[in-house]
Amino acid sequence: MNIRLILNLLTLMTGGLVITIMSIFIGKQAYFWLPPQAAAESHLMDDLFSFLVTLGAFIFLGVTSFILYSVIFHRAKNYDLSDGPHIEGNITLEVVWTAIPIMLVLWIASYSYQVYEQMGIQGPSHLLHLHNPLPIKLAYAEEKKTPTETVNQPLEKIDVLAKQWAWVFHYPEKDITSTELHLPSDRRVRLALQSEDVLHGFYIPAFRLKQDIVPGKTIDFEFTPIRPGKYSLTDSQYSGTYFATMQANVIVESPEQYHEWLEKAVSHIPTPAKNQAATEYAESRNQSVKTGWETVKPAAPPIVNFSG
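Numbering of the sequence shown is given in this note's numbering, commencing with residue 466 and proceeding in unit increments.
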């Protein structure tokens with residue numbers, strides 16, 4: 466075998482190994498680019514994100530290394546103005562560089578869809594009051610419990626109403642209404658998501674959860690908070706002029722603290738909650754000089770037991 470060919474193969478194998486190691490390292494760093502995992506389902510999305518970063522880093526480093534190698538070792542000599550070799554084409558090469566991207570896309574699509582189903586995200590085909598399909602293996606907070614044991618646990622049920630521009634949370638067992646979402650840690654939660662007017666998006670970045678809310682439909686959405694703390698809920702869909710103000714605090718606390726909050730909130734007299742959209746709209750209407758575009762009048766501030 467030609468010594469030059471052997472050296473080229475060794476160079477290629479060494480470069481491939483280095484690029485693979487670097488890509489895996491970069492993919493591992495992707496876990497630190499995201500907020501702390503606050504829900505049992507978070508690791509599914511983080512693993513997918515790390516996989517995509519690893520794959521992207523491998524492709525980027527591979528292409529960049531090949532270009533640099535060609536520039537350094539196969540560049541034309543000074544004052545060489547002659548034509549390059551005449552190449553008709555290579556069917557094998559064209560098949561390979563067409564088949565590899567197709568396989569990668571199918572791999573990514575399959576992996577993404579598995580995560581999509583395991584997290585129980587409801588797509589546009591789920592138009593009625595649906596629950597997560599039983600055959601799907603869901604993520605749970607505690608590994609020591611089997612899926613059957615966790616499913617059989619009592620669910621904390623909360624009604625969520627999205628409207629222009631406010632989040633309203635209703636706890637039916639205590640008949641409490643709040644503009645702040647309180648959740649017990651390490652307990653399965655089922656939200657009944659509804660929209661009063663337009664399309665909204667329920668999105669908590671720390672939970673890696675995003676669920677579209679379709680007007681006129683109720684979508685059941687389940688997850689398990691695992692990290693006590695204060696998080697942010699935002700509307701991921703553009704729902705009108707004041708959609709940026711449509712945010713709410715999400716408080717994850719121990720089951721004991723959660724029940725203490727319920728007992729405290731139930732004793733509060735319902736009052737109108739502070740609503741930034743309604744306030745800004747009222748201020749704009751009171752201006753002597755009208756500026757900006759006409760907008761939909763915000764819904765009246767919700768009447769709640771607890772406004773945060």
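Since the hints were derived computationally from the structure, they do not count as laboratory data.
Careful, some of the hints might be misleading.
Said to hold, decoys possible - Straight-line Cα separation of at most 16 Å, EDC-like style, residue types lysine to aspartate or glutamate; simulated pairs: (1) LYS695 x GLU645; (2) LYS622 x ASP685; (3) LYS622 x ASP651; (4) LYS639 x GLU621; (5) LYS622 x ASP640; (6) LYS762 x GLU748; (7) LYS682 x ASP651; (8) LYS639 x GLU748; (9) LYS493 x ASP511; (10) LYS639 x ASP624; (11) LYS675 x GLU748; (12) LYS729 x ASP640; (13) LYS682 x ASP662; (14) LYS493 x ASP512; (15) LYS695 x GLU718; (16) LYS762 x GLU661; (17) LYS729 x GLU718; (18) LYS739 x GLU645; (19) LYS639 x GLU728; (20) LYS755 x GLU745; (21) LYS762 x ASP624; (22) LYS675 x ASP511; (23) LYS675 x GLU687; (24) LYS682 x ASP624; (25) LYS729 x GLU745; (26) LYS729 x GLU638; (27) LYS622 x GLU582; (28) LYS675 x ASP685; (29) LYS729 x GLU645.
* To do: Compare the distance between the alpha carbons of LYS675 and GLU687 with 16 Å, and conclude whether the hinted pair is satisfied.
  => Since the Cα atoms of LYS675 and GLU687 sit roughly 11 Å apart, the hinted pair holds (cutoff 16 Å).
* Compare the distance between the alpha carbons of LYS675 and GLU748 with 16 Å, and conclude whether the hinted pair is satisfied. => violated, 32 Å
* Asked: Given the hinted pair LYS729 and GLU638, is their alpha-carbon gap at most 16 Å?
  -> Since the Cα atoms of LYS729 and GLU638 sit roughly 14 Å apart, the hinted pair holds (cutoff 16 Å).
* Asked: Keeping to a limit of 16 Å between CA atoms, is the pair of LYS622 and GLU582 held or broken?
  -> Roughly 21 Å between the alpha carbons, so the hint for LYS622 and GLU582 is violated.
* Asked: Taking only the CA atoms, is the gap from LYS639 to GLU748 under or equal to 16 Å?
  -> violated, 36 Å
* For the pair supplied as a hint, LYS675 and ASP685, is the alpha-carbon distance within the 16 Å limit? -> holds, 13 Å
* To do: Given the hint that LYS695 pairs with GLU645, test it: the Cα-Cα distance must not exceed 16 Å.
  => holds, 10 Å
* Asked: Does ASP511 lie within 16 Å of LYS675 when you go C-alpha to C-alpha?
  -> Status holds; Cα separation ~14 Å.
* **Given hint ASP662 paired with LYS682 - CA-CA distance at most 16 Å** => Between LYS682 and ASP662 the Cα gap is close to 11 Å, so the pair holds against 16 Å.
* To do: Sort out whether ASP651 lies within 16 Å of LYS622, counting only the CA atoms.
  => holds, 14 Å
* Asked: Given the hinted pair LYS682 and ASP651, is their alpha-carbon gap at most 16 Å?
  -> Judged against 16 Å, a Cα distance of about 28 Å means the pair is violated.
* Within 16 Å, alpha carbon to alpha carbon, are LYS762 and GLU748? -> holds, 12 Å
Against the hints set out earlier in the document, violations occur for numbers 7, 8, 11, 21, 25, 27.
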